[in-house]
Amino acid sequence: QKEVEQDPGPLSVPEGAIVSLNCTYSNSAFQYFMWYRQYSRKGPELLMYTYSSGNKEDGRFTAQVDKSSKYISLFIRDSQPSDSATYLCAMNAGGTSYGKLTFGQGTILTVHP
Amino acid sequence: DSGVTQTPKHLITATGQRVTLRCSPRSGDLSVYWYQQSLDQGLQFLIQYYNGEERAKGNILERFSAQQFPDLHSELNLSSLELGDSALYFCASSVGDDGRNTIYFGEGSWLTVV
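Respectively, the protein sequence lines represent chains Z and X. Convert by adding 311 to the 1-based position in the first sequence; the result is the number in our numbering. Convert by adding 11 to the 1-based position in the second sequence; the result is the number in our numbering.
Check before you lean on any hint, since a few could be wrong.
Far from chain X, by Cβ distances over 12 Å, these chain Z residues were calculated [to be verified]: (1) Pro321; (2) Val324; (3) Ser337; (4) Gly354; (5) Asp377; (6) Lys381; (7) Asn403; (8) Gly406; (9) His423.
Taking CB as the label site, the calculated pair distances span [unchecked claim]: (10) X:Asp51 x Z:Glu356: 43 to 51 Å; (11) Z:Ser384 x X:Thr113: 28 to 36 Å; (12) X:Ser76 x Z:Glu314: 41 to 49 Å; (13) X:Thr123 x Z:Ser364: 37 to 45 Å; (14) Z:Pro325 x X:His84: 40 to 48 Å; (15) Z:Glu356 x X:Ser97: 17 to 25 Å; (16) X:Ser90 x Z:Glu314: 38 to 46 Å; (17) X:Ser90 x Z:Asp369: 23 to 31 Å; (18) X:Ser76 x Z:Ser380: 34 to 42 Å; (19) Z:Ser393 x X:Gln78: 33 to 41 Å; (20) Z:Arg371 x X:Ser76: 41 to 49 Å; (21) Z:Gly405 x X:Leu72: 44 to 52 Å; (22) Z:Gln391 x X:Ala25: 42 to 50 Å; (23) X:Gly95 x Z:Arg371: 35 to 43 Å.
Worth flagging that the hints you see were computed from the coordinates, not collected in a lab. We put the beta carbon where it would ideally sit given N, CA and C, even for glycine.
So here's chain X without its partners, still in its complex pose (with noise of 0.2 Å):
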């Protein structure tokens, strides 16, 4: 277990709707971040909060958003979702939010969009 908890584990959902997946980050642990995996893509990085604030941007889709409450859990909203949108879902957290510090995953959110 690496302490990063995510929830759901999984969701169902129809085209055109919008989901909140949820992050509490280890204890400690300051940066949060959201990886999308998909077969042709595998991980790909989506973005990163430190403390409240973003940190790193990938090629996150504009109907996908993410923020960071002061209790440090995050959220990944994604909307207007479409065939394609369907992945694992990963968040991660490290205590600082540069790559000197040990990156650890949750065990995903699966997603299936039908």
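Only chain Z is shown next, with the shape it has when bound in the complex (with noise of 0.2 Å):
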């Protein structure tokens, strides 16, 4: 079983639908957590760091991380087409982990106009 569990998808929405996210993890120690979105060929870019568990709010994104049931979500609100790419959550255990981050599979979304 692998530490970080992602629904590869893909994921299809029209236009301003709101889209949801979501990984689920393993390892308890993991408390740094993140969201990146990659384009096709493209390095991953850092959407959303959340340390711990709450909500973050970053304009049309917001970040949720439930340590509890070890589950973090991305809800994309007012979805574009520009949004359509892979989406990566990693995590990272602090500690001994250094900056070690553990990804998930990774989602495709596409948001048709």
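Each of the two chains sits in its own frame; use the hints to bring them together as a complex.
Okay, structure coming up:
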């Protein structure tokens, strides 16, 4: 079983829809949680960074972390065709893991006009 | 543009050969990371350096090695290449060496082994 599970999709939504992306994890030591967006054959771009449990909002993006359930989510409001990409969740345990990130498999999102 | 620079962008080489991938971190960043991305394995952590010293190691093959130089640039050396080594190799950097720091990725080096 992978440490981080992410539904690979693909997910196809109409423009303007609310998108929900999720990851579950098994390592209770994870305490730093990130969402990256990756366009085809490009480098991952950091979207959201959250420490421990709670919510964080940035424009159309909201990240939620529920450590008790080992579950994290990313919501995209008013989705745009330019949001079409692969979304990767990533986690870090800190401590002796230093900066090592463990990634989910990525969810492929398509927003059609 | 994340500020992390990787060269070369694309590389095609034959099995058994050796290649070197180069990375310049963002200005001011002391940590450099290497990741491998393949279709079946996703993004896998290889190794992290901080200010010239190895900090963390992932499932990096013995045929692969890396180092970080005094000017903070890093190189990933891949030797005795096999077809299965074909992948996107990403370098990333951050200011510090732990999870509290945001990590920025370069555009990657696409390696094809034929």
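Structure-based check of all given hints:
no., hint, result
1, Pro321, "holds (14 Å)"
2, Val324, "holds (23 Å)"
3, Ser337, "holds (16 Å)"
4, Gly354, "violated (4 Å)"
5, Asp377, "holds (18 Å)"
6, Lys381, "holds (17 Å)"
7, Asn403, "violated (3 Å)"
8, Gly406, "violated (8 Å)"
9, His423, "holds (24 Å)"
10, X:Asp51 x Z:Glu356: 43 to 51 Å, "violated (23 Å)"
11, Z:Ser384 x X:Thr113: 28 to 36 Å, "violated (20 Å)"
12, X:Ser76 x Z:Glu314: 41 to 49 Å, "violated (25 Å)"
13, X:Thr123 x Z:Ser364: 37 to 45 Å, "holds (42 Å)"
14, Z:Pro325 x X:His84: 40 to 48 Å, "holds (45 Å)"
15, Z:Glu356 x X:Ser97: 17 to 25 Å, "holds (24 Å)"
16, X:Ser90 x Z:Glu314: 38 to 46 Å, "violated (29 Å)"
17, X:Ser90 x Z:Asp369: 23 to 31 Å, "violated (42 Å)"
18, X:Ser76 x Z:Ser380: 34 to 42 Å, "holds (40 Å)"
19, Z:Ser393 x X:Gln78: 33 to 41 Å, "holds (38 Å)"
20, Z:Arg371 x X:Ser76: 41 to 49 Å, "holds (42 Å)"
21, Z:Gly405 x X:Leu72: 44 to 52 Å, "violated (26 Å)"
22, Z:Gln391 x X:Ala25: 42 to 50 Å, "holds (43 Å)"
23, X:Gly95 x Z:Arg371: 35 to 43 Å, "holds (39 Å)"
Checked against the numbered hints given earlier, the structure breaks hints 4, 7, 8, 10, 11, 12, 16, 17, 21 and satisfies all the rest.
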